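K.L.:
For reference, the chains in residue letters:
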Amino acid sequence: MRIRNLLVALCSAAICVAAVSSSFAQSDAEFAKANQLYSQGDYKQAIDNYLKLVRTGEWSPALFYDLGNAYFRAKDFGRAVLNYKRALALDRHHPESAANLRIARDETRALEMQPSWLTRHLQFVSLNQCSIAAAAAFWAGIFCIAGLVFARRRSTGAIMLSTLSFAFLAVALFAAYKIDNESKGLGIVTGKDVTARLATADNASTVLVLPAGSEIKILSIRGDWTYAALPNDQRGWIRSKDAESVRL
Amino acid sequence: MSIYAIRIHVFIVVAAIVASCGIGQAFADSPSITAVLSNSEAAVGETIELQIRATGGRTADAPEQIEMDGLEIRRTGTSQHFEMNNFNITSSVVYTYTILPLKAGTFKIPPQTIHIAGKSLTTPELALHVVDSSGSTARSNPGTADQPQRTAAGKLVFAELIVPKKSAFVGEMVPVQIRLGFDPRSRPRLIDGPEIAGQGFTAQKLQQSGERIETIDGRTYTVVSFKTAIAAARAGKFEIGPVKARVQVAVPRKSNSQSKRRSPFDLFDQDDPFSDPFFADPFGQMNERREVEMKSEAISFEVKPLPPKAPAQFSGAVGSFTMTNDVKPTSLQVGDPITVTSTIIGRGNFDRVNAPILEDERGWHKYPPSSKFKQDDDVGISGSKNFETVISPNEKKQAVPPFVFAYFDPAKENYITLRSDAVPVTVEGGNLPPPSVAAASALPNSSTPARALTPAAPVENKPADILYQLTEQGRPRSFTPLYAQPIFWATQIVPLIALLGFCGWKIRQSRIGNRDAQRVAALQNEEVDLLRKLRRADVSPREYYAEASRIVRVKTALASGSRRIDPNSVDIETAATAFELDKETRERLQRLFERSDELQYSGRQNGTETISGENRRDIMDLIENLRA
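These protein sequence lines map, in sequence, to chains A and B. Residues in the first sequence are numbered consecutively from 1232, following this note's numbering. Residues in the second sequence are numbered consecutively from 61, following this note's numbering.
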């Protein structure tokens, strides 16, 4: 009976591994096919294939980077910028995406949001790193406190270590909050010369004309309109179809 | 004086009064009636007063209200007057009506029939000319009752609009001062305003600039000043003002006692309402708070259009300005940002002052500027506006081109173009574009405005191409931050379990430590008790030896320490080992154990045998020398 159960478990695991491998293999094949279409100059078809992969949810920096390149070649610079930003959102140190993003922005004269002073100084660390550091500091502090509770004598070293751990935790949490807040709601204007307006009407006063690829921070969505913080500390309403969020 | 005599005197006085009244009645004139308006002209909405005086009777039958189209006439008071003239007493009743004109026109108040002293008398027909409220200033000749109060209230306050110049250019900021004067005794309270009426211009927010006491025409006023600035939006002739404000002031209340003292047509001495005794009342119980609209004269103002042929950089700034520029950093790579801080200082319409324009934008990527205005005065027409413009070179550059700012100077009546100097910068990482005639003409020192330049020939600068495609897709990743993923929180179970394990282990250690301590304490207590018993003389040999051997076992168990030997299981070998006894002591201990067992299990334990003192000392000596 025991042997039979073991065999069933092994078979199930093998099937799962095979399914996952097959899925990856299929995904790689699709990716290779899209790349081939790109190299043949069929950018539209390549974009369709890349988008199919995007819809599967298996996102990678390389996928968005290649998709951005396809959009660039198709002269859709807004979406090119959007996909480079997505690649960088998945891997902030993706060098190819950073380089092509700069070129795409120059092409379209895209406007960028001015990062805050703190965010500029937190460029070296990612949100995930901050999360891990915060968790490690938290547990270190908790273990130090537990040690202090059960110890017969209060150790100065343990007190110092717990204090440092919680101080580090606070710093890591603050950094994580700032980074997350900065990247949350970040959107890219995909339309050409999109007009940000004071109100949700096409005849409302103009706040700013945003070239394709410009950064915005989506604050709220009302119907077909998106209220967003714009570069240069302005705010305005733009058509929702003219902008997309970086995070999927 | 007796009470009887006093009563006689009182009777005589009363009789004299009654007699005089009767005589008075007898000698009074025949009944008559008059009707008077406080003013024959009024504005719509402005109340005036009608007084009907019936003489020759103490009571009369006057209507409560007089129905008339366009006028609302209601009786608002009745007073009785007695006048004695050469012992001739005349009584009269005054009926006061308040008239509120509802529309403009000439009205004839119809005759009113009043019954007095058994006679029916008719008032004369009265004519009232009512004008629109805009024409209210034409009114003059203060009359009676309410009108003096209004006139008085008008004298209590004044509004003044001061515009230093009569003409300006479109967009030019003209400082304006508003002065509101109040008689300090009227205890004024501003309800609404002031505000400047008029169209065709914009006004800055009004700022109160001061309050002081001034003497004007011999009268003391508290003058509150407000400052603002106006700017005409289009050319033409305008009227600025009037300035309007609503204020609540204290004015004397009309009372019956006053009516008795004064003629109803002259309640106050027309010059100073505060000559009324109301103001002698220290508690001001006779005052009445009334809302008064303050209105100044309007001022004609001519607005001239701006001259034609404005510079291309002109964005509507009118005034007098200077510009300073600062460029940082001056050494950078192609694509790096340069922050240009431009400060426009001066006086004018800062809301139309836009950021200076880069004279030659070719090869530069310019971002929208940010601005900050710091005003130096109350109304914001003087100060400095700071612009930060971020530019980045797309290619190798030697200097940041001049920034240009154009404005119209109303004093000089022409356009001025301010141009900053080109700032040398070191830009590395790119190739200089090939020099061309057109590019040379656009050098920074050129005095021609950037937009007026002939468009330069396109520079042969091949745009950078994007990088290659990636062939490896890489492992899938998620946009969801790690902290929002279940795996992150699931992982926290590991340190949590470790923490719980650590705590459990420490708690267990602590409990074990407690059990050992309790066991040792119990053994020590037992040892002390047994020693106390051994020292007693009345103990039987059986008990004595049993307790002595028990002490040895207890001491052995205590000496065993962490080995935790049960006292009941201690034999001679265990004790000898625990205390490392020599042979002699071991034999003595064995004898003690054997004697104890003998007495315990043989039948001799119930005898009368006692233990000798020598044996006791020997046993005590043996026990006390047992040390680990």
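Just so you know, these hints were derived from the structure itself, not from any lab. In this text, all values refer to a predicted model and were calculated from it rather than measured experimentally. It is possible that some hints are incorrect.
Part of the chain A face toward chain B, derived, beta carbon under 8 angstroms [to be verified]:
no. : residue
1   : Ala1293
2   : Arg1333
3   : Asn1359
4   : Phe1381
5   : Phe1405
6   : Ala1407
7   : Asp1424
8   : Pro1462
Derived pair list, reagent style BS3-like, types lysine-lysine, alpha-carbon separation capped at 27 angstroms [what the hints assert, rightly or not]:
no. : chain 1 : residue 1 : chain 2 : residue 2
9   : B       : Lys287    : B       : Lys456
10  : A       : Lys1415   : A       : Lys1472
11  : B       : Lys432    : A       : Lys1409
12  : B       : Lys265    : A       : Lys1448
13  : B       : Lys426    : A       : Lys1423
14  : A       : Lys1306   : A       : Lys1283
15  : A       : Lys1448   : B       : Lys432
16  : B       : Lys304    : B       : Lys163
17  : B       : Lys388    : B       : Lys304
18  : B       : Lys265    : B       : Lys456
19  : A       : Lys1306   : B       : Lys226
Stretches of chain A that chain B covers, calculated by requiring three or more beta carbons in the stretch to come under 8 angstroms of a beta carbon on chain B [what the hints assert, rightly or not]:
no. : segment
20  : 1259 to 1270
21  : 1369 to 1376
22  : 1431 to 1444
23  : 1448 to 1459
All C-beta atoms, glycine included, are put in the ideal place defined by N, C-alpha and C.
K.L.:
Tell me whether the statement that chain B covers the segment 1448 to 1459 of chain A is true, taking a Cβ distance below 8 angstroms and needing three residues at minimum.
P.N.:
As far as the segment 1448 to 1459 of chain A goes, the hint is violated, because 0 residues have Cβ atoms under 8 angstroms from chain B.
K.L.:
Against chain B, is A:Phe1381 within 8 angstroms by beta-carbon distance?
P.N.:
Interface hint status for A:Phe1381: holds (4 angstroms vs cutoff 8 angstroms).
K.L.:
Holds or violated: A:Ala1407 as interface residue toward chain B, Cβ cutoff 8 angstroms?
P.N.:
holds (7 angstroms)
K.L.:
Checking hints one by one. Is A:Asp1424 an interface residue toward chain B, by the C-beta closer than 8 angstroms rule?
P.N.:
violated (14 angstroms)
K.L.:
Could you grab the alpha-carbon distance between A:Lys1415 and A:Lys1472 and see if it respects the 27 angstroms cut-off?
P.N.:
holds (19 angstroms)
K.L.:
Below or equal to 27 angstroms on CA atoms is what counts here, so check B:Lys388 against B:Lys304.
P.N.:
violated (51 angstroms)
K.L.:
Per the CB criterion, is A:Pro1462 less than 8 angstroms away from chain B?
P.N.:
holds (6 angstroms)
K.L.:
Tell me if the straight-line CA distance from B:Lys432 to A:Lys1409 falls inside 27 angstroms.
P.N.:
Holds, at roughly 26 angstroms.
K.L.:
Would the stated hint for A:Asn1359 survive a check requiring a Cβ distance to chain B of less than 8 angstroms?
P.N.:
Result: holds, 4 angstroms to nearest chain B Cβ.
K.L.:
Hint validation: A:Phe1405 versus chain B, beta carbon distance must be below 8 angstroms. Holds or violated?
P.N.:
Hint on A:Phe1405: violated, closest Cβ of chain B at ~14 angstroms, above 8 angstroms.
K.L.:
Need the status of pair B:Lys287, B:Lys456: alpha-carbon distance at most 27 angstroms?
P.N.:
violated (52 angstroms)
K.L.:
Given the proposed pairing of B:Lys265 with A:Lys1448, does the C-alpha separation stay at or below 27 angstroms?
P.N.:
Given pair B:Lys265, A:Lys1448 is violated - Cα atoms ~33 angstroms apart, limit 27 angstroms.
The structure shown violates the earlier hints numbered 5, 7, 9, 12, 17, 18, 19, 22, 23.
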